[in-house]
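*Asks:* Given chain A, work out where chain B should sit, using these hints.
Protein chains: 2
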Amino acid sequence: MDASEKPRTLPHIVVVGAGFGGLTFCRKFPEDAARITVIDRQNHHLFQPLLYQVATAGLSAVDIAQPIRAILRRKKNLEVMMAEVTGFDLAARKVIHDRGETSYDYLVLAMGGRTSYFGHDDWERFAPGLKSLDDALEIRRRVLMSFECAETESDPQKRRELMTLIVVGGGPTGVELAGTFAELARTVLVRDFDRIDPSKARVLLIEGAPRVLAHFPPDLSASAQRQLERLGVEVRVGKHVKAIRHHEVEMPDGEIIRGIVIWAAGVSASPLTQQLGVETDRAGRIKVLPDLSLPGHPEVFVLGDLVTLTDPKGQVVPGVSPAAMQMGEHAVKLLAEEIRGRTSTTNAAAGRAPFVYWDKGSMATIGRSKAVAEIGRLHFSGYPAWMAWLFVHLIFLVGFRSKFSVFVQWVYSYLTYKRGARIITGATGTPPAGSA
Amino acid sequence: MDASEKPRTLPHIVVVGAGFGGLTFCRKFPEDAARITVIDRQNHHLFQPLLYQVATAGLSAVDIAQPIRAILRRKKNLEVMMAEVTGFDLAARKVIHDRGETSYDYLVLAMGGRTSYFGHDDWERFAPGLKSLDDALEIRRRVLMSFECAETESDPQKRRELMTLIVVGGGPTGVELAGTFAELARTVLVRDFDRIDPSKARVLLIEGAPRVLAHFPPDLSASAQRQLERLGVEVRVGKHVKAIRHHEVEMPDGEIIRGIVIWAAGVSASPLTQQLGVETDRAGRIKVLPDLSLPGHPEVFVLGDLVTLTDPKGQVVPGVSPAAMQMGEHAVKLLAEEIRGRTSTTNAAAGRAPFVYWDKGSMATIGRSKAVAEIGRLHFSGYPAWMAWLFVHLIFLVGFRSKFSVFVQWVYSYLTYKRGARIITGATGTPPAGSA
Chain A
1 MDASEKPRTL PHIVVVGAGF GGLTFCRKFP EDAARITVID RQNHHLFQPL
51 LYQVATAGLS AVDIAQPIRA ILRRKKNLEV MMAEVTGFDL AARKVIHDRG
101 ETSYDYLVLA MGGRTSYFGH DDWERFAPGL KSLDDALEIR RRVLMSFECA
151 ETESDPQKRR ELMTLIVVGG GPTGVELAGT FAELARTVLV RDFDRIDPSK
201 ARVLLIEGAP RVLAHFPPDL SASAQRQLER LGVEVRVGKH VKAIRHHEVE
251 MPDGEIIRGI VIWAAGVSAS PLTQQLGVET DRAGRIKVLP DLSLPGHPEV
301 FVLGDLVTLT DPKGQVVPGV SPAAMQMGEH AVKLLAEEIR GRTSTTNAAA
351 GRAPFVYWDK GSMATIGRSK AVAEIGRLHF SGYPAWMAWL FVHLIFLVGF
401 RSKFSVFVQW VYSYLTYKRG ARIITGATGT PPAGSA
Chain B
1001 MDASEKPRTL PHIVVVGAGF GGLTFCRKFP EDAARITVID RQNHHLFQPL
1051 LYQVATAGLS AVDIAQPIRA ILRRKKNLEV MMAEVTGFDL AARKVIHDRG
1101 ETSYDYLVLA MGGRTSYFGH DDWERFAPGL KSLDDALEIR RRVLMSFECA
1151 ETESDPQKRR ELMTLIVVGG GPTGVELAGT FAELARTVLV RDFDRIDPSK
1201 ARVLLIEGAP RVLAHFPPDL SASAQRQLER LGVEVRVGKH VKAIRHHEVE
1251 MPDGEIIRGI VIWAAGVSAS PLTQQLGVET DRAGRIKVLP DLSLPGHPEV
1301 FVLGDLVTLT DPKGQVVPGV SPAAMQMGEH AVKLLAEEIR GRTSTTNAAA
1351 GRAPFVYWDK GSMATIGRSK AVAEIGRLHF SGYPAWMAWL FVHLIFLVGF
1401 RSKFSVFVQW VYSYLTYKRG ARIITGATGT PPAGSA
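Protein chains in written order, with the working numbering: chain A, 1 to 436; chain B, 1001 to 1436.
Some clues are possibly wrong.
A few chain B residues facing chain A, derived, Cβ under 7 Å [claimed, not checked]: (1) Ser1060; (2) Ala1065; (3) Arg1073; (4) Lys1075; (5) Lys1076; (6) Glu1079; (7) Arg1099; (8) Glu1148; (9) Thr1152; (10) Arg1191; (11) Ile1423.
It should be emphasised that the hints constitute simulated quantities derived from the structure, not laboratory data. Quick caveat: nothing in here was measured; it's all calculated off a predicted structure. For every residue, glycine included, the Cβ atom is placed at its ideal position computed from N, Cα and C.
Isolated chain A (complex conformation) (with noise of 0.2 Å):
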């Protein structure tokens, strides 16, 4: 048989990472131009943007989890893998993970990032981050153990401290949080208890720089402040905690505040980026060449937080899911093109296309109908902002199959102020303080 006659075989591109960047690329990529194989630890794809809502107890976790296979069901020529990847062969083009190891013509590199306790990890079991749904699971036991401790505590002083909730960070995750415990305990666990009074609870919101929302414009994160304020949240902004223990927060100036503690000051891009061989910044983040390519390696993508990169309009690419959702377009723009034209891969990133990051807007939600958002120049506050949100959110989740679910689970409790899923499960990790 003549070999020019066989079936050309199709190039085999692996994606480390169903996130919104690896799960973009996987969508768009057309069926006929490759093989993929998507390598994921997880067995969901998890829409990290609602996340907070799973651990204040307004959404359970199949509401914002979605199996991979499920969503990709339709896809030719794609496999997903469940595995745990621990490294890479650039130069045998080998990905290496616990169940084996996989061969690739390119690689898309979009594993996310992951709480970072910068350099502190012993504080991790006491302040938990909110990264994967059982961190989200995690954090909704701690707190609603801790009022069912409070519920039977005899001493006064142990009792304001198991209704004590401090969150340390204050960009959008711990803006989110805090708003929305401290309307949780007023609103819904206020009806629960017979002892305690769950209005009384003391949520306290900690950020290092001068400012909530850094990122935001000034005049927007006066306004969360406001709105946290209004929520009866103590924001305490241009401190930087000097250490957390169990159960407790010391302050620059030796104050000791004791409560529940959750930690959503840091993120820094999965550790694997470090076995890469290429320049990281503090957050681990690859500095990637203007085409999103691993530098020295044009076959390598990397999306997404992973990412530190300032595009040709001269922005910093954020990292958030919008961004992470147009590179992987972007990868997929250039890899379909090349492979199709049979571009050489080897001297190509110099010639691509560079990305450029579209900015849609910021928003960040504070509780029911407060929130912030900046759009184009427009600022927004308060309910029309919150409305932003809402919409938005609704709209990102189509294709997602717990649509109809997320939009049901709101409705209800914005009408009834109920929370549904204010379920205890799992009995790991560390009890309560004051239990003992």
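*Replies:* Here is chain B on its own, set in the frame of chain A:
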């Protein structure tokens, strides 16, 4: 001040356990007749009859659980306490728990059952039972993870073992699990995977008695077995497993079957029954007096799965939720009458009305459109039985917040054969065999 002028303090009833028995008691007891404290170690009531649907990824945890505080929010003179009861002081009328102790005038015991391994407690870690939400999530995790591992397993023998599910125990729970797993593999998972063929998954149901559903009439047992076999389940009756080890079961003839093992063979009463100094049966259930009171303690009532009793009609009261609920109502009636009529409880037990069980029928579901039902002298199988089962469970869910959500999930699942709850959470527990 004259003592006779003091407002009469209400007697204090402590209810231990917020399952069907305890919760019915709390809901039905007249608010003005006593103060009630209900103690449970979980913060939620569980709709046990649908727990197998959480294990088989058909429903999510919140669909079948509801916070106890939310259910009983509107009851006056009632407090909910989340605590683990560790013992009783019947002479001093005190309940001892991990948050302290609570005195009572009347005590209602409704702690329910737990998985029993018939003295083989070492089997527990190899073969989880199905009594709590955490159990259900653990079983789901094991099964889904095992299929994920099969997908990347190259050894055909190991792959086959990773796709083998062994359910030990052919009562209603075992039949429901085996039938639903077979259906899940053949209709849902079959479309998720690329390399393995989940329709070739092997599901075994092993029962020690000569037939499955031994408490049902023989014709329905035979029908259930036929319906299971039609789904591809291998049913082995009259076989007591000899041993259970990591990822394998040893049959009486020495045959070794390797696969994921799930235990549905035994339930016993809460071990707290052993502390009461009264006679119990082999499964730890209390031989109560005909009025449901504890022998020698007319101020203590025992409900639900804690009880072994033959009623005046000669019916052995079964360990099912309708029986527990009827017992709760019976205790309400007797206690409310006594408290209002100031009947002395010292020797009241003798004069009290005995509990009579009203058998509304029994049903077990096997899969989509497959079930058996016995209502009086009528025996149903297949589709009519399944419709009856569906109808009864929807009616039962009345008052339960999740009714609408369960209904939506079911309809969705029925129409599309998708499973929205196919999410793996929690990294704890035994790793699936073959992954090492």
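*Asks:* To test your reading of the hints: which numbers does this structure violate?
*Replies:* Checked against the structure, the hints that fail are numbers 4, 5, while the rest are satisfied.
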